[in-house]
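First residue of the sequence shown? That's 518 in this note's numbering, and the numbers climb one at a time after it.
These are calculated hints, taken from the structure and not from any lab test.
A portion of the hints provided could be inaccurate.
[Unchecked claim] Computed list of lysine-lysine pairs in DSBU-like fashion (alpha-carbon distance at most 35 Å, straight line):
1. Lys534 x Lys549
2. Lys553 x Lys534
3. Lys553 x Lys539
4. Lys539 x Lys549
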Amino acid sequence: CCDIPPDLWCDSHESAKRCNVKQQCDQFRRVKLPIKLSLYYEALCPYCQRFITNHLGNIYNQFRGLIELEMIPWGNSKLLQVSNILII
Numbered sequence: 518c519c520d521i522p523p524d525l526w527c528d529s530h531e532s533a534k535r536c537n538v539k540q541q542c543d544q545f546r547r548v549k550l551p552i553k554l555s556l557y558y559e560a561l562c563p564y565c566q567r568f569i570t571n572h573l574g575n576i577y578n579q580f581r582g583l584i585e586l587e588m589i590p591w592g593n594s595k596l597l598q599v600s601n602i603l604i605i
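Input sequences plus hints: build the corresponding full structure.
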């Protein structure tokens, strides 16, 4: 029986051995999940357009297998909180 919480089993080789999950942890380490990258931008903002046009494509191409890109147009909006309600 292992006295280490399950979330920590794969933190080190020693804890994986101690908890008898070394093989599972080794397989888990080999799986490379993409990093989720969310870009909030203003669609009509010239600075955002310039960044997307001149830089984002290069970044995406360089790290294509490592990132999952989500682009969220977020134009000239304000967030107001009234009580527990968020108004956009």
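Tell me the numbers of any earlier hints that the structure contravenes, in ascending order. none
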